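> Numbering (the UniProt record's numbering) for the sequence shown: 1 to 310.
Be a bit skeptical, because a hint or two may be false.
Claimed, not checked - The calculated lysine-lysine pairs, modelled on BS3-like cross-linking and capped at a C-alpha distance of 30 Å, are:
id: 1; residue 1: Lys82; residue 2: Lys214
id: 2; residue 1: Lys229; residue 2: Lys89
id: 3; residue 1: Lys194; residue 2: Lys64
id: 4; residue 1: Lys160; residue 2: Lys302
id: 5; residue 1: Lys64; residue 2: Lys82
id: 6; residue 1: Lys22; residue 2: Lys277
id: 7; residue 1: Lys229; residue 2: Lys64
id: 8; residue 1: Lys300; residue 2: Lys24
id: 9; residue 1: Lys37; residue 2: Lys24
id: 10; residue 1: Lys194; residue 2: Lys184
id: 11; residue 1: Lys211; residue 2: Lys64
id: 12; residue 1: Lys22; residue 2: Lys37
id: 13; residue 1: Lys277; residue 2: Lys64
id: 14; residue 1: Lys173; residue 2: Lys184
id: 15; residue 1: Lys89; residue 2: Lys184
id: 16; residue 1: Lys173; residue 2: Lys214
id: 17; residue 1: Lys24; residue 2: Lys50
id: 18; residue 1: Lys281; residue 2: Lys302
id: 19; residue 1: Lys300; residue 2: Lys173
id: 20; residue 1: Lys24; residue 2: Lys302
id: 21; residue 1: Lys22; residue 2: Lys64
id: 22; residue 1: Lys194; residue 2: Lys211
id: 23; residue 1: Lys307; residue 2: Lys281
id: 24; residue 1: Lys269; residue 2: Lys307
id: 25; residue 1: Lys229; residue 2: Lys214
id: 26; residue 1: Lys28; residue 2: Lys50
id: 27; residue 1: Lys281; residue 2: Lys64
id: 28; residue 1: Lys37; residue 2: Lys50
id: 29; residue 1: Lys64; residue 2: Lys28
id: 30; residue 1: Lys300; residue 2: Lys281
id: 31; residue 1: Lys229; residue 2: Lys269
id: 32; residue 1: Lys173; residue 2: Lys160
id: 33; residue 1: Lys160; residue 2: Lys64
id: 34; residue 1: Lys269; residue 2: Lys37
id: 35; residue 1: Lys28; residue 2: Lys269
id: 36; residue 1: Lys79; residue 2: Lys64
id: 37; residue 1: Lys82; residue 2: Lys211
id: 38; residue 1: Lys307; residue 2: Lys24
id: 39; residue 1: Lys157; residue 2: Lys302
id: 40; residue 1: Lys277; residue 2: Lys307
Treat the hints as calculated values from the structure; they're not laboratory data. Bear in mind that the values here come from a model prediction, so they are computed numbers and not experimental data.
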Amino acid sequence: MSNTVLKLPEESLLQLISHYEKNKTQTKNPYARFTAKLTDTVVTVYTSGKVMFQGNGADREAAKWGEVLPAADKTVSAKGDKLPDGFAKLSVLGSDETGTGDFFGPITVAACYVPADGVELAHELGVKDSKQLTDAWMRQVAPDLRAAFAHKVLTLKNDKYNRVQRQGWSQGKIKALLHNQALKHVLNNIAPEKPDAILIDQFAERAIYYKHIKEEPEIIRENVLFSTKAEGLHVSVACASIIARVAFLEEMDRMGAEAGVTLPKGAGKIVDEAAAKILLKHGEEYLEGLTKVHFANTGKAKGLAGKRQR
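Work out the full structure, taking the sequences as your base and the hints as a guide.
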């Protein structure tokens, strides 16, 4: 049975609780704020702000809500390519993405190069403190990481996302193209230096990843490794994850300020409510510019807005 733990801010906790409300179950644990039981997963929200997902579907459910905390004092249980001995201390270019499960906001991908002599610096800057992996904490750390390490952030805004999605592009294809482009930018920036390896936080099998990008004029292949939970295998991926997340949050801030509505993360009921407000205030075309239209939240928001117009 798999166990996965997240540390979430209060806003995200409320969204999560709302999402699993129909699966709520009673618990005698005095430190548990909320417990839900799915067919293959038990979700427990603790008063500390941590959420534990237990069961065969733990990784799947946790991925809907945020970045996974590596288990303390344990080897990260990851699936993917076999990594060289001493990999955590090598010079590595890592990449990761965020925003794929959020109705509002873009997909952002970041690649970050941490040379061997910068691994300890990344830890000193706070990347090792995974217990504080909240949005607020990442906002504080990201500027130092951006200043210290070669990196590239790519933000696919919602209008373009919706356009290519309607053309039949899957999220897998979109992510693969963005990862390849971000890696290419960083490699060009650090040339003639080369990393010992490139590590992509795996979202697709190698063959599928390269199938997605087969028509690209330049495809990064040399020393590329794929692994799940890669942020726990090398600090470069953890840095990329933080940089990508903060870029996503900053775009959410900008869009929310323009819309005059705080844009909640995720895809729960709170998101539907916010989308309905925007729909009534600004119209359908405006809402599309802020969201991933193919998500079920679009229909739910229209339903809520329709009821309020009566």
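> It remains to establish, for every hint, whether it holds in the given structure.
Results for each hint:
no.	hint	result
1	Lys82 x Lys214	24 Å, holds
2	Lys229 x Lys89	17 Å, holds
3	Lys194 x Lys64	34 Å, violated
4	Lys160 x Lys302	22 Å, holds
5	Lys64 x Lys82	27 Å, holds
6	Lys22 x Lys277	24 Å, holds
7	Lys229 x Lys64	15 Å, holds
8	Lys300 x Lys24	22 Å, holds
9	Lys37 x Lys24	6 Å, holds
10	Lys194 x Lys184	12 Å, holds
11	Lys211 x Lys64	25 Å, holds
12	Lys22 x Lys37	9 Å, holds
13	Lys277 x Lys64	23 Å, holds
14	Lys173 x Lys184	17 Å, holds
15	Lys89 x Lys184	22 Å, holds
16	Lys173 x Lys214	10 Å, holds
17	Lys24 x Lys50	17 Å, holds
18	Lys281 x Lys302	12 Å, holds
19	Lys300 x Lys173	27 Å, holds
20	Lys24 x Lys302	27 Å, holds
21	Lys22 x Lys64	17 Å, holds
22	Lys194 x Lys211	25 Å, holds
23	Lys307 x Lys281	15 Å, holds
24	Lys269 x Lys307	15 Å, holds
25	Lys229 x Lys214	25 Å, holds
26	Lys28 x Lys50	17 Å, holds
27	Lys281 x Lys64	28 Å, holds
28	Lys37 x Lys50	17 Å, holds
29	Lys64 x Lys28	26 Å, holds
30	Lys300 x Lys281	16 Å, holds
31	Lys229 x Lys269	28 Å, holds
32	Lys173 x Lys160	14 Å, holds
33	Lys160 x Lys64	22 Å, holds
34	Lys269 x Lys37	19 Å, holds
35	Lys28 x Lys269	27 Å, holds
36	Lys79 x Lys64	19 Å, holds
37	Lys82 x Lys211	22 Å, holds
38	Lys307 x Lys24	27 Å, holds
39	Lys157 x Lys302	22 Å, holds
40	Lys277 x Lys307	12 Å, holds
In summary, the structure is inconsistent with hint 3 from the numbered list given earlier, while agreeing with all the others.
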